[in-house]
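Q: We have chain A already, so just place chain B on it with the hints.
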Amino acid sequence: MGDLGDKKGIGNLDNPGLPYDYSQREYGTVPLDDKRARFQWVSEVAYKNVHRIVARGYDTTELVEEGYGVTDVLFVDFQARIPTTEEDKMLNYVMILALEDGLSMPVAISRLVAQSKTFLTQACGASILAFGHAYGAYSAFGNMLLDSLEAGQAQGLSIEQIAQGIVKEHLGSESLGVSDLMLKDPAAKRMIARAEKLGVAGTYVELIKAIAKAAQEASDTPVDIDMLGAMGSVMMDLGFSPEATWAILAVTRSFAAGAHYIEEVERGSYQKLGQPLTPKECYDGQADRPVPPLADRDKHAKSALCKDLDQWNKAEQDRKKVLGSGYSIHEEIEDPSKKTGIKSVGKKL
Amino acid sequence: MDREPPLERKTSISYKTEEKTVLRGYDLSELAEEGYSFYDAMFVLFQDRLPTEPEEKMLKYEMGVFLEHSMSPSAVGAIGVSIGRPNLPCAIAASITTFGGVHGPGAAHGYMMKKYLKRAHDEGKTVDEMAKILVDEYLDNKKPVMGMGQPQHIDSDPRAEPIHLKQEELELNGVYLQMQRAIEKHFHARRKAEGRSYVGVNVVGAGNTALCDIGFAPNAAWCIGSVCRGFSCAAHALFNMKRGRAWGASRREPMVQVIDLSMIKYVGPEDRVVPKQEDRQEYAKKQKEEGEYKQWVI
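Residue numbers (the numbering used here), protein chains in the order written: chain A, 220 to 568; chain B, -3 to 294.
Next comes chain A alone, as it looks inside the complex (with noise of 0.2 Å):
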């Protein structure tokens, strides 16, 4: 690629505060780095050759020849390790208590990206982005008894003393693994007991069957050990992160959304755009008013500018009044990346 700096451009971005000049900065691509290793994919999952794929050193045609499933396979992918029969039967129980959860918001999120004539796997994937921080955090579930058992510990506290502990920052919380949904429902109970039945039982479960405890004794209301609680405590016992339960459970979760799928598009119609309407019943913003004209715009525009802190303030307070702004939401500032559970980001090979 040539070098335009000399010929007649816009100069130096027409602004003689730029701090360099833009006039003379080089064009065209980065030379190849022969200094540094050529970049590879590196992985310590699987690797592949022409004849074989390789799982943490498992010939996945061996590991099924041999009998291995997936439920073993998840083992091996997240854990480096083949489980133990109970521990495989354990995570068989788990996935099919998460294959299906009805009309709940992945199958409802898969039902309308089938709506509009797309990829049967373009709803499988967006159903697996409805796992959140609220419904299926399994990884804000997971990191929080992670990051008390450890602080706990570390002070010398037992588990009854670290679950109060977690209570008491957390009740009411969608990610405590303790609410009233499963009040009238057996299944996470019978998960849990079927977990200590065989055996694979451990400190997860018992924390948050130490949570259960110290929860309904704070709360005004009847708890008890949800979905959430149940199958995450359960699943971190097996050895999962919170991360890979995370994964492990929406990828479970969207095999059903598949189907939802299939059923939306044999039962249903697809949409166009510009189809739904959406009544005025549903509108509770500002009443209809006449635009207007283009030349009166200084007599009706108000600018959002803020010249001292009080103004600011002052805006700040009453633009929470427009729902859809964003001010009404806050964030607190950390490295994103903790979100996901992930404790640190770029970490050197």
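The set of hints was computed from the structure by calculation and includes no laboratory data. Just so it is clear, CB atoms sit at the ideal spot from N, CA and C, and this is done for glycine as well. There's no promise every hint is true.
Covered stretches of chain B (chain A as the covering partner; in silico rule of three or more C-beta atoms under 8 Å from a C-beta of chain A) [to be verified]:
id : stretch
1  : 146 to 155
2  : 190 to 204
3  : 249 to 257
Here are the in silico distance ranges between beta carbons for each label pair [claimed, not checked]:
id : chain 1 : residue 1 : chain 2 : residue 2 : range
4  : A       : GLU415    : B       : ARG115    : 24 to 30 Å
5  : B       : LYS114    : A       : LEU542    : 40 to 46 Å
6  : A       : HIS519    : B       : TYR289    : 39 to 45 Å
7  : A       : GLY276    : B       : ARG115    : 42 to 48 Å
8  : A       : CYS501    : B       : THR13     : 42 to 48 Å
9  : B       : ASP124    : A       : LYS336    : 33 to 39 Å
10 : B       : THR13     : A       : VAL510    : 47 to 53 Å
11 : B       : ILE260    : A       : ASP399    : 50 to 56 Å
12 : B       : ASP124    : A       : PRO405    : 41 to 47 Å
13 : A       : GLU436    : B       : MET251    : 53 to 59 Å
A: What follows is chain B alone, placed relative to chain A:
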């Protein structure tokens, strides 16, 4: 607490009350307690039935062998998304959506098989005769025969032939396997006659055939394969998020990173001066007249 579903729908798949979650009539908790496998539950989900033991074993084999495939478009998609450090589900969702017309086109292969099987039935031809017609029609029209060939496993996909053999071992060799085997026979014969190299069956040709023979519709089969791969892509994304360098461009890494500036090779129009606004109309008209730009239109 509002427990109304976010979407009102009539569905024959499942319902959920305060007491239980029911899939096609079966209480999920009861299914798990009784010792049924996750694979059994997949039959209930997609086919409204419990499978025979060989069918359950076949699905276990197929899903187990398809789950991990190291660096394929799906894993690369997951890793690519993960380097921006979004929430993990975004990377997994991306990996599943890479399954399209070329990467794991399970549904298309299934529909191809169904189309030609129906023709055989309607035209009174044998499966073998129709398989030859299929191969000839595809190759005469210079279209790839779905289910054949894999760009990385050029000496035969390590998963494919073993899936065929497992299907036969489990005595699940139905009409789809007959069709697929016949397609492979005529495909190999034609390529050999034309002096072309051997191209083996791939995991879609083998795996999807097995899924069809155990009763999964093309889209259900596609769902099973694509979503199953999401598990391993999550592991690849997670490895990169926990152990890798975010952004993928650091010059402090000993290895050139995936989007290091030196990885960019540009083959577009030469660098050129941005025209002044006062010259714009004349410049733009000349550009249209000369038409050189057309070679770059995509």
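Q: If a hint holds in the structure, say so; if it doesn't, say that too.
A: Here is how each hint holds up against the structure:
no.	hint	result
1	146 to 155	holds (count 6)
2	190 to 204	violated (count 0)
3	249 to 257	holds (count 8)
4	GLU415(A) to ARG115(B): 24 to 30 Å	violated, 57 Å
5	LYS114(B) to LEU542(A): 40 to 46 Å	violated, 55 Å
6	HIS519(A) to TYR289(B): 39 to 45 Å	holds, 42 Å
7	GLY276(A) to ARG115(B): 42 to 48 Å	holds, 46 Å
8	CYS501(A) to THR13(B): 42 to 48 Å	violated, 28 Å
9	ASP124(B) to LYS336(A): 33 to 39 Å	holds, 37 Å
10	THR13(B) to VAL510(A): 47 to 53 Å	holds, 50 Å
11	ILE260(B) to ASP399(A): 50 to 56 Å	holds, 55 Å
12	ASP124(B) to PRO405(A): 41 to 47 Å	violated, 55 Å
13	GLU436(A) to MET251(B): 53 to 59 Å	holds, 54 Å
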